[in-house]
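Using the hints provided, position chain B relative to the given structure of chain A.
Below are the chains, spelled out letter by letter.
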Amino acid sequence: GQNIDQPTEMTATEGAIVQINCTYQTSGFNGLFWYQQHAGEAPTFLSYNVLDGLEEKGRFSSFLSRSKGYSYLLLKELQMKDSASYLCAPGKGANNLFFGTGTRLTVIP
Amino acid sequence: GAVVSQHPSRVICKSGTSVKIECRSLDFQATTMFWYRQFPKQSLMLMATSNEGSKATYEQGVEKDKFLINHASLTLSTLTVTSAHPEDSSFYICSASGRETSTDTQYFGPGTRLTVL
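Sequence order for the protein chains is A and B.
Under my numbering, the very last position in the first sequence is 105; numbers go up by exactly one each time.
Under my numbering, the very last position in the second sequence is 140; numbers go up by exactly one each time.
Any given hint could turn out to be false.
[To be verified] Taking lysine-lysine pairs in the DSS-like style, the calculated list, with each CA pair at most 25 Å apart, reads: (1) A:LYS88 - B:LYS78; (2) B:LYS64 - A:LYS77; (3) A:LYS53 - A:LYS77; (4) B:LYS89 - B:LYS43; (5) B:LYS87 - B:LYS43.
Just so you know, these hints were derived from the structure itself, not from any lab.
Next comes chain B alone, as it looks inside the complex:
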């Protein structure tokens, strides 16, 4: 149990376009979802936390107008990178915690590798 999926796993886009990444909890209700970004050989950096039905809480330094997060249901959250630029190229990982998980922990999706040309 406690499986989180992410789609797409890999995306390449042109500078200036927008990219949407989906995160789904497949077998539990995710009351809270998290979005992280990770650059090569660096730590996971929390971008934002979202609770179902409410606005996301962004970490300091993360532009909320650039990284749009929607957590419309207990099983789905989306991250949209608007007007992407090459410096946005990174590994984006979502995680979820909530009811029906066997442990009080975050379960991570497989990640999305974004490359902006």
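Just chain A, same shape as in the assembly:
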């Protein structure tokens, strides 16, 4: 079976750093995706980790530990537009993703 655990909601201040954690158990695993979803819109791709370690992409970084079934998304220099849901999606690859309920991040001034 599949089990994905993320905090339901987080609040952070504009300009700060926030880390969104995700633990998972899946029946098959090749890599882990992070998506951003603004309210009423479709998800947009943020990152894909296959190997252990940290991958940095601008203000967003994503970390993966395969042995621990753990990932996090790190957002730096938070902006108001970063208020959104962040979806952790482990899977066997692009054609086999499992989505959790996501973490709703609210950025406050």
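Chain B in isolation, oriented as in the chain A frame:
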């Protein structure tokens, strides 16, 4: 690159009617397309996966006779909600993966909000 469009973006229909939603990959060939449904404040729920030219694979609990999926070409998939009822009101999102995308990932369309009266 890797743009997916969906049409219509919003539809309101009467109970008992059928609604067709189109999903197109605009700049790549989508060998696989996915249809999701999302209720407010809930997770994306995969409804079905379709490969071009073959029958869709439906997830458990999704009625294939109610949600008809056609993936006739490498750039187009359609979802038809037949005999829609108010409980079918939801946000329907398609995604696609395939050749010529820069990353092995799914690219999502903008979604279709269906309201059944």
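For the pair we were handed, LYS89 of chain B and LYS43 of chain B, check the Cα-Cα distance against 25 Å. At roughly 12 Å apart (the allowed maximum being 25 Å), LYS43 of chain B and LYS89 of chain B satisfy the hint.
Checking one constraint from the list: CA of LYS64 of chain B to CA of LYS77 of chain A, max 25 Å. Satisfied? 19 Å, holds
LYS88 of chain A and LYS78 of chain B: Cα distance at most 25 Å? Status holds; Cα separation ~21 Å.
When you check the alpha-carbon spacing of LYS53 of chain A and LYS77 of chain A, does it fall within 25 Å? 17 Å, holds
For a C-alpha distance cap of 25 Å, please report whether LYS87 of chain B and LYS43 of chain B respect it. 14 Å, holds
In terms of the numbered hints stated before, the structure departs from none.
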